[in-house]
Each structure stands twice: as structure tokens, then as C-alpha cells.
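Peer 1: The hints should help you fit chain B onto chain A, whose structure is shown.
Now for the letters of each chain:
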Amino acid sequence: MHGRPRKAPKPEDEAASTAKAQKLRALQTQFFSFHHSKIYTKETVELSAKLLEINPESYTAWNYRKLAVEHYLSQPDCNPDTAKSVLDDELRVVESALRQNFKSYGAWHHRKWVLSKGHSSIDHELRLLDKFQKADFRNFHAWNYRRFVAELMNRSEKDELKYTEDMIYTNFSNYSAWHNRSVLLSALLEKKAEGFLSKENVLPEEYDFIHQAIFTDPDDQSGWFYHLWLLDQTVTTDHPLLVSTWPAHGSDVLLVEDRCQNSSSFSPFTTLLSDSGSFPIVLYFNQPVEGVSSSTVVMECRFNKNEDLLWEPLSVSNLQTAQVWVAHLKFPTSELDSSVKISVGYTKEIISTRGSLYSHPSTFSFKVHVQPVERDSSQVSVAENILWREENFKVYRAQSEESIPIASFDHLSIRNDHESTASNWQTEALAKEVECFRELLSLMDCKIGKLTLARLLMAYDAMSFPFANKLVHSEEVLELYNDLMKLDPTHHRYYKDEHSLVLLQKMTSSKESLLQHCFQYKDSVSSAIGKPICLRLNNLSLSRIRAFERLLWVQILDLSHNELESIEGLEAMQLLSRLSLGNNKLRSLTALEPLRKLKSLRVLDISYNQIGDHSIDTTRYLCSSPLSHSVGSELNNDESVINNVALINYWEAFYMFKDLNLNRLDIVGNTIADEKFKSVLVRIMPSLKRLDGELLD
Amino acid sequence: MDDIPPYPPIDPTTFDLIVIGTGLPESIIAAAASTASKSVLHLDPNPFYGSHFSSLPLADLPSFLSSHSTSPSPPGSASSDEHHDFSLLDLSTRPLYSSIDISSFSPDLLDQYSRKFNLDVAGPRVFFCADKSIELILNTGANQYMEFKSIDATFVGDNKGNLLNVPDSRAAIFKDKSLGLMEKNLLMRFFKLVQGHFAGEQDVKISDEDLQSPFVDFLNKMGLPPKIKSFILYAIAMEDYDQEDTGVCGDLLKTKDGINQLALYNASIGRFQNASGALLYPIYGQGELSQAFCRRAAVKGCTYVLRMPVTALLVDKDTGCYKGVRLTSGQDIFSQKLILDPTFKVTLPSGSSPSPPLQAKFPFFSPKDDRGKIVRGICITKASLKPDMSNFLVVYPPRSMFPEQVTSIRLLQIASNLAVCPPGMFVLYISALCNDDDQGKKLIHAVMNTLLTVPPPINSESNASAQSETTESGKPTLLWSALYSQELTLGQVDFICSTPMPDGKLNYDDLIDATVKLFKEIYPEDEFFPQTSSENHEHDGDGDGDGDVSLET
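For the record, the sequence lines run as chains A and B. Letter by letter, the first sequence follows residues 5 to 701 in this note's numbering. Letter by letter, the second sequence follows residues 449 to 1001 in this note's numbering.
Any given hint could be a false lead.
Said to hold, decoys possible - Some but not every residue of chain B turned toward chain A, in silico, with C-beta under 10 Å:
no.	residue
1	LYS623
2	ASP624
3	LEU629
4	ASN633
5	LEU634
Hints are computed from structural coordinates only; laboratory data are not their basis. All C-beta atoms in this analysis are idealised placements derived from N, C-alpha and C, irrespective of residue type, glycine included.
So that you can see chain B by itself, here it is in the shape it has in the complex:
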């Protein structure tokens, strides 16, 4: 072993907090802790920011996925004999992804442009203009590091390839071509009912009984036809599970939560002047978000070291309490607190289990969604699914593809104007919740087969050349795809503080809730981004001072 990378030593060697992994929750915590005047060391074994929330070039994505699909790292060289005060607990990773399936139908073309791609590892994901993540970005001033663009539209798809526009606002209902006049009237009146409810208008209050009842029952009670119900449940409230099949979805969305979703959606529309719809996407991809918080943290004095794996944790020999980490470079760094990316696993000395005080010392995070897995797919095409549109969301409600489909499938098309791919190309992110990989992949494939022409695998080089952007059927031709299944929970409770992993939601709200909770547990005395510093708002926007994100039109 003579090609040891030249790791520079880190100085100082003691911090209030060490964070390992630069995923979104870790980055937010690093920024929040730095803002609360903690000294923070933020480490990442990868050479890029974002961990499982990153946006990667085309060539790097497969290797990143596969590196997290097996447990490669052999227990480190660390042995417990070097210290008398501490014992070493080996740190290893556990697999997050499985059933990785990468297909390339046009290798030459893509190789040429590999670096021009920024592919989201945790896609599809968007922001609602009024959601918690946007609030957080604005409150923390992270908005100065990001630029956004509005998602043009939301559609509901079916198994014939039709994309129905989702009338999600007053203007959209007015403009919609597929709704009948009566349907327009019913839908708008329902929206107004919800708005009136929140505005506290007496005569339109939704009763407590209704609020506690399943949302789907309330929609039925309001006389909304199936088409509109489906729009509201799956394309506006973004429900994952079939609401009309209690067998699948044990706990149905309540009216209370349903109308909160509607209110969020409604508040999102028109919040920013240049945003036409409710949804936003960051230029250069979702990985920008983690990076923005890291920059925020760095401004507040957080120390960043990338490409720095950690091999072991140092714990007090007597108490079993955490003391610090040992880096690959061999350096030991000490801190009060530790936050780990959820894929890290601490290998306890064989045969032993953490002593009770250990468990008590380290609060753990329990993910909300304890359901199995999410299958994600990334497709690259040279033509848009909708000829006159670049960036949009498509929702396939339960049972819209085939009767056994019990979860929504979501698809997000992003075009080169968001700097995620070379000009003229389009990236599709698809995801579906599932119990096992095969079931999930079947859902993703169903969508791909409906919308795309999937060429035969190019084993022989003969037919590789004669490919057009779309076939006669008008479907875009698939150039490249990656399908992989991601664990939503590792099913194991650890004694270390682990951040949540990417969830199955479309936005970051649940993750941010969990992150705030985690911060409160490690720093119960400190405020999570206190609302003061005027310097946060020094952004160069032309807006009216507070609360604007940079939007490109």
C-alpha cells in the first residue's frame, strides 16, 4: 500500500459537532449548528456534495449506486489496542440500493456529454412554492446560492399514453379544455370551500366530523366525479396509496390533512411572480439544495472536508460514550456530538451489544414511513413527452396503469433549460412505492412502455445508427435508463444519530420536519435558525425585499 492519498491533517482536532455525509438533512444540521455558533466539522467520503441527495454526472451515477448496493468496506484496519482511553467501533456502510439496472442504447452519444448531466439520485423531487423547504431556504438565506424555474404543468396519465392537464387553480380550471362546464363549477366550488374554510368564513366551515373523516369520503360527499377526485387526491394532495381500497391503505388520508395539502398547493400558486404554477425545480438539479446549505454552513464557520472517509468511532472505554472519529488518514478528531448519514453502520465488537447507557445517550431517528421500498427510474430522451412543453410532472394514480397498481407513480420531466442535461435532451425521473423490487419495477416499466419507445438492447452494432428521436408512434425513444430500488428504512434501530434517508415524497417537507426534530434533540437549548440576521437577505433580487427566490423565466 504505497499509494496512500495525501490526506492533509485537520486542525483543530476538537469540535462541537461532527457531521458525516453531505445529504440534505446533514447539510441543514451543519448549517443550523454553525448558525448556533457551534464548531462543526462536516465530512464526506465522496468527492461531491449531496450524498444520497446529490445530482451526478451520467458516468458517475452507476458507480455511486453500485457502491451503495453492497457492503464493500471491509472492517478497517483499526484495532482497539492503540488507545487506552478509547475503544474503536468500526464504521461501515450498508446497502441502500438494490436491483440496479442500467441500460444504454446510445453509448457514443452519451459518453460525449456525460459531464453535462446533473442527474438527481433521489428524484423525482420538486418544491412547492409555499412549502417548508422554500420557507427554510428563504429564512436561512440559502436562496442566494440557488436559482429556480417554475414547473410548467401537472398532468394525470393513463395507460394509453394520454396526459390530462390537472386543473389546479382558478385560472387553470378556466383554461382547461377537457373538463365540462359542470365539472369546472364543482371543482372550483370545492376549492373555494377549502379556501373559505381556511379564511375562517363562518358559512363555509367544514365540520369537525368531516375533518376527521377520510378525505375520499368527503370528496364523495361533495359530489365530485371520479376524474376530479383523482386529480385532487393524487395530483394535488399527492397521495401515494389507493384511497378507495382500505385493504391497501390501512390509514386513509383524513380530510383535515387533505385540505392542508390543498391549502399548501393553493398558497404555492402565484406566490412568486415569475412562477406560473405551484411547483419549482432548482437549476442544476436537486443536489444544489444540499450544497446551498453547506455553503451557508461554511459562511458560518463550518469546516468542510470531502473525500474523507471515516473508519471508526471512538468511544469511551468505561462509559461507552461517543468521543470522536478516526479518519482514513488515521487522524483522530473529537467532538461532543456526532451526526451520521443513515447508510453508516457501526460494527460492534463481535458478541457484544451496546450497553444500556449507550442507547440512552444517543437518540435515534425513527422514519415516519416504514413501508418497504421505493423504485426510482431515470430515463434520458431526445424528445419531450409533450411536444410544446419542457418541464412538467405526470401522476399515474393507483389503478390507472393496471388493476394491481396500488400506489401512485410519479414522473417528472426536466429539460436542458434547467441545466440538468445537454441541449435538446430531456431527463425523466419516475418513482413508485412498493413492497418488493419486482413489483416496483413493474410499475416503472409500465410507465416507460406507455410513454417511450424502448429500443432492443444493442448487442449487435448494426442497428445502433438508425435511431430517430421519436418513432412513428410519436413516442420519444429511450437513450439511457437507470432503475434502482431504494430502501426507505433499514429496519434497524441504531444507537447513533442518523439522519433520515430520501423518502418517497415529492417534496422535502417530511424530511425537514425530521431534521428539525433531530436538531432539537441534539441541541435542545438552541433555536433552529433564529429569525434575525439581516445579512441573510442581502440577495440581489429585484423583488420587494423579503421572501423572494431567484426565478428564471
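The shape of chain A in the complex, shown without the other chains:
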């Protein structure tokens, strides 16, 4: 069953299996003819039993038996006794099939079906299960079926927990048993059963329990899996929370429709250049939620009606759930100063995907100042003609204390409300875990131990300083991931990703560290004041990015010279107008999907990536295909735009770029970017002014 090497078949075995196949084929032919003509006599049903005994995987035969049973039960002369004997027969056939192969999906399913007919001698089922679980205590079919039977007979979770524990004591290398334990505990916790009132009572004991397994045999994976589940149970808050917003609470937002007003003392962090007549409001939750709408989020201001605000989920898949939601507020042309108040979750309709209610209503407000329109179209295009050269940037120096309100950092009024929910036992549990695994690592080199310690340290930092975003252990964690990359080259990419994420979290964790990456674009025309800040996260060998909740304010972002293969989550940065992804490892156009949600994006650099290098796009499944309904219809509508183009070859480009309002695109240095492709791009995006630096007519 487990750990037994497979032996090469001997000649006589092969002969035997050939004979078996022949017999099986004959049976099968006969069986199909009965099945097709819907004959359910005793003999034909017997034949299907014979077939199943040889081959329990024959789904058709199981289905035939189901039809036969239905047929018998619907006969007018069917009485309870005959029904019982019919169903007993089924159980017997299943049992003999399982004896042949106790991992047969069809057989287990058929048994469930028979039981669901109301025929059950449940004790017998448990006895049978004991037998199968003794033969192979890790057989997950048996465990699945056990859950089914336990539920059917209303067996108490505590009894099942005891059984599971006994199985674990017999041999703790048993994923199925640990999994069952996690299922049962979740159910008990949800019910708040006696002795299982809260995680606080249950989880510390579970940690002690799993330590016994992990320390006894750190090479066994099952224990680590359960530990990961415990860690998840410890850190995740069931209830959705609002983590961050743009504009931040208490901020003053300056909206300019042109770039160069040298007005005011407004911070460059909150000055927004907009050419669309509206600006986004972004809600960033701690987990995907649904139900965000003008009835659950109430906006109060003088220049816009709440009902007009349309909240959209920012997710690449078109589901109605997302971690980030956005609405666009039209700003007034007449009113210069106005305050906006937004209340989230006072009615209970925002729920997480796990079904938990958003139960911490919160309110944030900000002021909006509007700079009157003085449109000069030629100047706009110059302003957006950003060149991502080193010498064009200078480190941003804060003018004075009050002018560095990096958005999102100090808007804690939202979160203070639920500060009380983070309780001591969690930090205590995590601190204990950290200590425990430090000890293990002092004894032995253990890859998964290091990974676990890294996860624990990050969770601990997040838990113990939830509102200060302090990362006390980030250096240690980065070191751990560096180690792991060397120790375990097979999983290098995973560690690299984690390393990148921690690095990003570290850089964004405090005002000081973030300011080191804030630059201003050198522009002789205007003064620094009021000009947006460029966040430069280039040359950091990042392979993934995250921490968007702290970067909602960013309008210009330089991610060039990294190792990005994906920009998942970037759609949260709704203010982005200029973005460089040059010199990364993006492999396909579909990897750029998040950009489709960035309505303000005007300047994009994706030069020197690997787009088109790989004929097989492994990320394509994430993206709707041209043959799917939604995209297909779009294609038809826009056919006039792209006549003469062999669209079938460029559907990805069309899908990616047609809704982007780019003025400038750099795509040089990608295999895909030949002349023909570029000409397609120009047709797809009429707004484009410059392609690879060249001015277009």
C-alpha cells in the first residue's frame, strides 16, 4: 500500500492479465447490449455484478445497477421486504468490489447512493469501515465515507474526534486523520460545543499535540500540514475588515486637471492629476468580500449622490467578490473645497467568501480641493512623456514634518475600532511557536522548519504590531529565505517569491523606509510642489509584488529591473498613471491582465521582457479565451476598428490593450514586438502618441 516498491510484472502475470482482459471484454460487450436495451432481469443484473467484481472502476455498470434498483423499486409488487433485499444485494456487490480495489471511486459512490435510499444498518457500515481503515489507515476514500456515515447517523463530532485521535496515535503519518481532525475541530468550534467554545481554548492544546509529531519526526510531512492549518486558524480573522482606503481618512486631496499649478502647500502624495473628470475611491479589505454597493457603503458629500456611486469589484476573474472595491466619484467643477464622508458596513450585507459578516462598521472622511481647469493639450502630452532614466529622478525630500502624510499610514481611526479583537492568546501562541521552532533548528537543519519559522515570524510581527506595521523580524526572515533558496533549489522560485514579498512588506512598513524609495521626476518646467511622487522599486530582484494596501496612493511606479513574472494584485493601485515594468521576466501578454483595470494608466513600459519567447503561455488559463462568450462579443462589436488585421493571431493583444487609454507604450525588447505587431497596437489604441519612444502621427 505504502512504501512498497513496484515490481516489474512477471511473464505469467502478463499472461494472466491478458486472459482477464479477454474475459472482461466479452462480459462488457454482453453487458452493454443489456444496458442499451434496458433489460433488468435477475441474470443481467447478476452479469453486471460479475463485471464489477473484476473491474470495480466500471462506472457504466454502477449506473446500470442504479437504474436497475430504481426499476425494481418502482414495480407495483415491490414491498419493503423485497426493497430491502434489493438494496442488501447492492451493498454486497459494493463490498466485493471494494475487496478487489478499496480505492474504487465508483464503488464508494454507489454505496453512498444505496445508503441515501434510506437503507442503512449503520453499525454495519462502521464495522466495514474499521476493517478498511485497519487495512490501510490512510485510505482517504474510507475517511470520506466515514464522514458521510457519521453525518448520516448523527454520530457526535466528539466521538469521531476520539476515533481520529486513536488513529493518529497508531501512526501519526496520516494526512487523512489529521485532515479529519481539522474538519471536526472546525465543526465543533463553529457550534461552540462544550469544551470547544473558542479557538483560544482549543488551539494551544492542538499546538502541543502537533509538536509531538513534528519533533518526533520532522521529516514526516503530515504533521507540518496540520501545523500550517493551525497557523492559519491562529492568524486569520474570520470577519472581514477594512484594511486601507484611498483617499485615506483625514487626508486632503488636491485634484488638478492639469499638471503645473504651483499652488498651495499640498503634499505631492495626495495631489492627483486627473483627465477623466472623476477620481477613484478604493476600499481595501483583508480578504475577498461580496456585497459592496451603495446600500452597504454610504457616501455623503455635497456634489455627488450616493446612489450614483457604482462600486465595482477589482478582480481579474469576473466574480462579484474581490478584496479591493472601487467607485468613481465625479468631482465638481463649481465647488472648490468639499468634504466627503464614507461609512462602510452599517448594514449587514458585506460578507466574506467564507460567509462571515463584515461586523466592524467604520467611517472615514477626507477633503477634496479642486484646481480649476486650464487645459492646454500640448502640455499634457509633454508631462506624460516620462523617461525612466536614473538621472531623471531625484530623491524626494520632505519639506517639513506636516507635509509627509504618506497616505494610508496614519488613517488608523478605521482600525482602532476593532483593536480589541486581536487578543493576547494569539500573540502568545505565536511567540511560543517561534521559540519552539528556533529550538528545533538549533538541533538540526530542517528546511520545512526554517520555512515554518519564517512564516511564524511574519505572522507574529503582523499580530503583535498590527497597527504600527512594524516588522521586527524581517531581516531574520529574509535571511531564512536566502538560506532556503540555497538549501532547496527545487523550490527556489517559491522561496524567491516569499523573499520578494517580505522585502516589499519591509520597505513599505514604515514611513522612513518607504521615503527612501520616493523620488521626484526632474522636470525643469515646474517646481516640485504639487507634483506626484514616483515610487521606485527597481533593481530589487523582486519576483512577486504585494503590500498594495499601503501603496494605494502611488501614481508613478517604477518596477523595472526586477524578476517579475506576474503582477497579480497590481489592479488595486487605481491611481497609477505611469508604470514601468521594463526589464522583468513577464512571459506573456496575459500576465498583464491586472493592467486592464487601471483606468488612469497613460504611460506603460514593458520593454525588455520575455513576451512571446514562450510559445506556450502557461498563464493563459487565467484569461478568458477568444472563444468564450464575453470576449467573443467584444470582438464582433469592434470589428471595424481592426479590419484587415489577422485578429486570430493577435487576440491577446487586442484583449489586453483595447480598453487601455495609453499615450505612451514601450514594448521594445520582446520577441512579440515585431513591426507587424506594433502596427496592430497602433490600430488597437488610437490614443497612443508614442510607441517605443517614436512619436506617432
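Peer 2: For chain B alone, kept in the frame of chain A given last:
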């Protein structure tokens, strides 16, 4: 002398082999020789099977012990004048037991149940599921005559009466409550190292240098804390002598042998589905083992006669070669070969010594363990030492009782579910190696006093009634005990083939080795239980055909 017992005459009168005594080694030889198509006569002066390996009813044990504590049998009536071809050498027994000390604190109760006891004379003794005795039982088909039960656990004891669970397997380490996490990690890694070594994994090979070094040094090198070292040395490898005192134990256990013990233990765990641990005990007691081999022999044609003492050996007058035996019944039986229980002594005609050809003719067995004695104790109680457990082993490593303790003391508790005592009672077997009786008894008493309430001797009948099963201290009350010292070697080399006597080990492996060697010497041409006969495996087990013992759950 008119009440001469009616001994029936034995027919035929000539055999290939005569075996006297039905102890385990004799029984195995009888079975092996019968299997090799020898005609065998197996005699025992006792009315029961097993000799010094038997399990006896309570009332019979004291008399059996005392009958072997002095040399009673006066030189027989045999005189050399009756035969012209043979001379008679008187056969007598020599004392095996000494310092026998039987105490009964509840005579009425025990008298009532005497026949319900099966007390092992050579206890404490168990089987490891993967040891040589189990292999032999399976190979010979003797398993069809026996049933086993798993020993629940092994503990290490101290002088305060605590019993610490011995984490002897992966599952046991996981479950253990007394080991710290670090200790669990160290111990399991050590087990894995040993397993890896045997599995031939390259990166975990134990070096030759380490293999030749003392095991205790290797354990130190692996950084194992004293508690774990003690578990491994005395409760898993079952070492007898203090490994950290070279003065006591001249030749320390080598790493090579130590890890072999661990491998045996490891292979024992989980070998049989119903056996939870590494150790087994036979239902009805250890005496069953000898009996099973006797039955095996009988199936192969061996002739059995119990209650038949042998009075003398017949030797050729001229050559001094062995020819046959004279029975108490007066009948003379002849055979090629003779095997004797080790307590028999041949009295040579006064003044003479065996002539050189005699010595050359009869190979002798030299016991491996030439150290003095073993003191054994049997205690009966009405309560278990561990309230929730019936059958278990306790090891007291050297120095755990008092500083002068240089050998391990082992204790085996067996409950009525193994049919060795009436329901509700428990039998404790205790043993310790020693140089003299007093030293050994001190060790046994130390354990008894730690674990049991020993009532004052009941000379006056007044206080006999008011006895509970346990006292306020929670210790079980002693109902009956027997202490006796057994010689491990008689210190004398004989010219007859004598089988080994019960040794000081916990299992039978050394005895089986010696027995195989003895068989090879008398029948160098024959195979010791050739592995063929399919009929051996006709047992009614529900297992997967080969190699299963009957285990009761």
C-alpha cells in the same frame, strides 16, 4: 519395597537418540532429531513437561524447587555385576537452586486456587516478535500449539516506585508524555540512524570505528541524555551489566551488537497485526513452549515417557563408550546418542576418571555466560502495579535502586488474561544476575519493597483477615512469594551431552543458538529443521498464509 510403580515396558528398546528431560533445549532437539527421521525416546522423571522451563501450579512449585536444591537421589541400586558387556555409571542430579524462600500471606485463598496457577520456573521471560524463538516456532509449525498475547508496555522503574514509559517506537515517542520535545527529536533521530544504517543508506552509515567502540560511548557521541541512554541500553537492548562502570562489566556491549538489539526490537514492533508492542507472552505460561516442541516431536514419531527416572548409564566395558540407559523400571534401553538435562550428573566409579576416549566421544556444551547466579522471584498480588494495565515489563537499570546495584533487575507482570493465574490476580516475575545469593536477594527485595506492601508474616492468625488488595499507599499487597537462586553454570565440564540450563536473558535467543550448536555436533550431517514441509503451515490462522502466530487481542 512393595509399592513399586507399575512401569510399562518400553518397546522397541533401541533408538537413535535418547533425550532425558523435557526442558526447552531438550524438546527442540527431540523435535529436530525426529524431523530428521531419527528414532527418539524422550524421557522425563517428572510427571509434567518442561523441566526447568516448565510452568507449574502453585502447590507444585516449592516441591519442584526443593527437589533440585539438594542432591537427594542416592546412588541407585545398580551394580556393575549384572552385565558382562556394560558397566553402569550411576546417574544422579545436582542442585540447581539454592536459598529457596517461600512466603505465603494468604494461605487459604491460594490453596483454593492452586491449580489455576501456571508459574514459570525460569521467569521472567518473553518473546520478541522477530526473535529466533518466534522464527523457530514458525518454521517448525510449533505455532499451531501455542497462542500468544502482546505485552502492553515496557517501563523503566526507579527506587521511588515510579514507572516511566519506555518510548520504544515512533508511535510511542509521539505518544510519550514524559519526554521533552528535544528528547523526542534526539531519540527518534537515533532510531532513524540505526534503521538507515541497516537499510544501507549511504549517508547514514555508522562507521566501522564506531561499530567496534562501546555502545555507551556511541550513545554519548550522539548526544543522548542519560535518561534516553538508559532506555536504550537497559530497556531496549536489555543489557544486564552497568555499561558506564568498566570495573563491573569487563566487556562492554559494542555498538555493533547494541544496534543489532535495536534492530531486533524495531523489527519486532508491528510484525504481527494484533501485537501492539515488541514483546509476546504465551497463554498458559512459558512452559507451553517446551510442550509445543514435544508435540511437534511426537507428531514426527518421537516416543514420550514421563515419570520415568533413569538410574544409570550403560557404557561399553572396553571402550568406555556410551551404549544406553537403565530406567527406574529396570529396563535397559539402547541408543546411539544421548542428551541430558544439565542437572544430571554421572557418578564415575570411585577413584576413576573418564578415560581420554570418553571425553573425546562426547562433546560438551560450554555455557556462554559463566557468571555466577541469577536470583528469581515470583510474587502474587490481587492488584496490578499499574491500575490500567495488565501485562508489562519493568526494567530497573543498574544503580537505579541503590548505588551498589551493578546489574539490571527485570520484572514482568502477567495477568489472568494470559491464563497464568485466577481472575483478578497478577503474577510478578523478577530476576537479577548476581555473584552470590545474598546480593541477588537484596536486589529482588529492593524491588518488592518499592512496589509492594509486604505484610508481616502471619504467625498469629489474628491479622490475617483484614487485608485489602492495596494499602493506602496504593501499593498492591503481596499474597505469596517465592525467591530462589539458580546456578547459571555448574562449573564443571562433563563428558556427556548436556543441554544448556535457563540463562539470565529475557528471551530464548542464546539458548536456541546453543541448542542448534548442540544438534549440529551430534548430527553434523543433518539439517536443523529443513525448511520444506508445507504441512507445517496448516494452521488455522486467518492471516496471509506464512509466518503468523496466533495472537489473542
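Peer 1: All hints, please: hold or fail.
Peer 2: A quick look at each hint next to the structure:
The interface hint given for B/LYS623 holds, since its Cβ lies 6 Å from the closest Cβ of chain A, which is under the 10 Å cut-off. For B/ASP624, the interface hint holds, the least distance from its beta-carbon to any beta-carbon of chain A being 8 Å, beneath 10 Å. Annotation: B/LEU629 was flagged as interfacial toward chain A, and the flag holds, the nearest CB pair being 4 Å apart, inside 10 Å. Checking B/ASN633 against chain A: minimum C-beta separation of about 5 Å stays under 10 Å; hint holds.
A least Cβ separation of about 7 Å between B/LEU634 and chain A falls short of the 10 Å threshold, and the interface hint therefore holds.
Every hint from the earlier list agrees with this structure, and none is contradicted.
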